[in-house]
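Protein chains in written order, with this note's numbering: chain A, 1 to 332; chain B, 1001 to 1289; chain C, 2001 to 2310.
Hints are not guaranteed to be accurate.
[What the hints assert, rightly or not] Simulated coverage check for chain C against chain B, where a stretch passes if three residues somewhere in it have a Cβ under 8 Å from a Cβ of chain B: (1) 2083-2093; (2) 2108-2120; (3) 2281-2293.
If you are wondering where the hints come from, they were derived from the structure by calculation, not from laboratory data. All values derive from a computational prediction rather than experimental measurement. Ideal Cβ placement from N, Cα and C applies to all residues, glycine included.
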Amino acid sequence: MIPKPPVLELLKLEVGFPGAPIVKGIDLKIEEGEKVALVGESGCGKSLTAFSILRLLPQAARITGGQVIFDGHDLATLPAHELRRIRGKGIALILQEPMTSLNPVLPIGLQVAENILQHEKLSRRAAKERVIELLDLVGIPNPRERYTMYPHNFSGGMRQRVMIAMAIACNPRLLIADEPTTALDVTIQAQVMDLLEDLCSKLSMAMLLITHDLGAVAQWTDRVAVMYAGRIVETAPIAPFFAGPQHPYSQGLMNSSVDDGWHYSSHRLTEITGNVHSALGERGCAFAPRCPLAAPGCRETPPPLELAGPDWHVACYRRAEAMAPSPVAASH
Amino acid sequence: MSLLATDPNDRPRLRLPKSLRNPLFVLAVIVLLGVLVMAVFAAQIAPYDPLDMVNMPFLWPFADPSSPLGTDQLGRDLFSGIVQGSRATLLVGFSSAVLGLMIGTCVGALAGYFGGWVDIILMRVTEIFQTMPTLLLIIVILAIGNPSIPLIAISIGLAAWPMIARLARAEFLSLREADFVMAARALGYPTGRIILREILPNALPTLIVGASVLVANGILLESAVSFLNLGDPNVVSWGSLIGNGRTQIRSEWYLSALPGVATVLTVLSLNILGDRLTDILNPRSGERS
Amino acid sequence: MSLLDVENLRTAYTVKGKTFYAVDGVSFSVGAKETVGLVGESGCGKSTLGKTVMRLIEPASGKITLDGHDIATLPEAQMRPMRRKLQMVFQDPYASLNPRQTIWQMLETPLKVHGVADPAERRRIIEAMAEKIGFPKASLQRFAHEFSGGQRQRIGIARALILEPELVVCDEAVSALDLSIQAQILNLLVDLKREMGLAFLFISHDLSVVRYISDRVLVMYLGKIVESADHATLWNSPRHPYTRALLSSVPSTDPAKKIGGAISGEISTKIPETGCRFRARCPIAEARCALEAPELKTLPGGNAVACHLA
Ligand SMILES: Nc1ncnc2c1ncn2[C@@H]1O[C@H](COP(=O)(O)OP(=O)(O)O)[C@@H](O)[C@H]1O
Ligand SMILES: Nc1ncnc2c1ncn2[C@@H]1O[C@H](COP(=O)(O)OP(=O)(O)O)[C@@H](O)[C@H]1O
Ligand SMILES: [Mg+2]
Ligand SMILES: [Mg+2]
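Looking at chain A on its own, in the form it has when it is part of the complex:
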């Protein structure tokens, strides 16, 4: 059997502002129906990566190199009118802020319907029925009544559901969700993520989930890509990753997140010293200034992603040392 091609493949993707490269050559593959998490500190370029897939970049920002392969096309160079067909229909995007992503002066039903009519030839009536089905699918009670309501009548969680309805309206093959639950409470996060997971399997959609919540990664995705200062430093299936990440940054993240049953009286958190700004002007590994294992060699050229296990890639020169039972790993 020939393996199916991946839904999306980023090849050496580079994105930046004039004079300020942010995403510095990313390779990422998302298989059919797979849920991939992209985690990293704020400002490391997660959103920029997501936006560049659909070329929905902020003003000044540009894709400066690399390819975005979807369906055999390179989205980075596709003519605008062809790209428009893919937006929404092939790939859909959900943003963090459910408050600002909806038009406040239009009824939510119309906004979802409008989105469908952009991509499919349907009568208005049929579109409306479809919207009501969708609203029901994403768990909005009384969808027929809610159809004519305005965004301000909805709570944050409900608005995010509307956004999801809009995103899945045209059965996209890939859903990109940029911190979809960061603005929501844990109880609502659980509802929204359960819904997304459910939809992914029902509609056989792949998902790229951008988040900085390791718990959400462990619960709702299949594979994780850890990003630091514009580069992917580790990518692995979640089970082995959470059992023992290999990159010192991933290890630091795991150790600084509070685990079940830890209490300050008995367990001191292991912190990663310093902050991401130290990566500025670093020629070698961006994490080296904060890395407990950094050697002089780390400061010269950035380490490439290397195979470190089945479907497991790590970009670290000191991987052997990082995997040895060191004080950092032992405290976990």
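With the hints as your guide, set chains B and C with the ligands onto chain A.
Just chains B and C with the ligands, lined up with the frame of chain A:
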């Protein structure tokens, strides 16, 4: 351990915000500096006393090198008039704006910070002043007193403060809920200190931008007052020059037009400056956003 | 007697002429050197409670006793000396620092206001504090916007601690920070607590953080405390259905431990007139829950829960 956002030795470089590289802004600054220099060194620049009859009447501009901008019906030198007149005009403009800024800020700050009945009373008073026709108010004040430059400035200032009061109130109303004001209250700072040291510096940029409009307004109102012959007859200002030229407007139009151009250029420049001040006064405008 | 005793506290907001109680009859206490966590979904009134205790918002009724003095109705002038004992760290490390003051000014003013007249003494205190929070002394003359979020939060903490308070209210103090920075700040808070003998009222919607740092936890729902328990009991055997729902919604970093079914519904801003406020979302609600509002009952051992069925 480097916890700093930037290297401690690398002081933020002074970089002009983009808007300051705007040619219109640079032009406005040059005009204003020119006018300011003219006002300060008027005695040195102006060849004659603008009230002295020094030449033939009705000399057109450029007709006689000793009176480059011509003379009026009494043979008074227009160039000297414009140079000396800038003093009175700017003085009235700036001092009325300062007065308006002070009254308006006090009223607006108290109303915005305390709210409740303090706000209701102060805003009623503000509304009363605001609904009164400005020029009428000034004329009434000038009619009671003896027209002089300070009185004109005071009367314009008294008429102009409500605009600043509203601005200040809005700023204080929102800033008093800001976290850093909450923190100041939690630390037990006295109310006066919170208003003056915590909120005011943050509200000031907006108010100063407002005040730049007041200066422009003050200059225009002073012109209007002088034009109506309500000003001090012994002091030359741009407004009085325009007023003086009114009777000859059909034939010797330059008598009104030249001081008029000076007024318009100054007022326009002030407005452009006001627009850009917001950027200059923002402590973060040098930052990459 | 505890350091802080809050009794039957209510705080009202008036929106469009309608008054509602965002904090509605809350009682709890914080002992000296104790960390009490306060959790609940956003909008349940945590910040309002924190600010009312700080007397930044006027309480509608109830008592706030700090060190034996009732401060609930103290006029601001008499409140001022009490503020030395009671400080606050805010959520937003950007909004809570005055953009037009240097770090030095922000740390010096509280000392001036509270009567440290000698400039050399002030310098000594500020430099000692900078040392304590791991903030480079050379940077004290700079402005807040020149620093990263984590550094700013350190400054916010320094400002709260410069008067050597006994109780610090932390309102979502680490919620806006990245994971790696969050750990730094949590460690710092723990160190400072040990060093200075601080008590905390630690407000957060993030259960894992509250679980880590609290000795005792209060769970709040729509303006009321529904459960109060020591940290071990709360995580191991939560009694209130809401607490259980909250706990089971926190995703674990262990992929094998899938979280329990998510609780349905959302916190609403409409407070039901009778009965338990949680009943609309409660999986075990009975007819009685719609009629009678459950009281916060103290259980043997000092924990308390407000549920007819717990
Ligand atoms: N106009 C700009 N010029 C240069 N850099 C910018 C500009 N706007 C944003 N950035 C930088 O780009 C990065 C944006 O990263 P982003 O993808 O939004 O991060 P994330 O989503 O991981 O938090 C940040 O580091 C930010 O400082
Ligand atoms: N200044 C205010 N005026 C009116 N209502 C407010 C105000 N601040 C908060 N509220 C309301 O009070 C309730 C509690 O808010 P808050 O204490 O901020 O909750 P939390 O901190 O738990 O998220 C919310 O319903 C909120 O909308
Ligand atoms: Mg982002
Ligand atoms: Mg809050």
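Each hint, compared with the structure:
1. With 8 residues having a Cβ less than 8 Å from any Cβ of chain B, the stretch 2083-2093 of chain C passes the three-residue criterion, so the hint holds.
2. Check on the stretch 2108-2120 of chain C: 4 of its residues sit with their Cβ under 8 Å from a Cβ of chain B, so the three-residue criterion for coverage holds.
3. Coverage of the stretch 2281-2293 of chain C by chain B is violated. Counting CB-CB distances below 8 Å, 0 residues qualify, and the rule asks for three or more.
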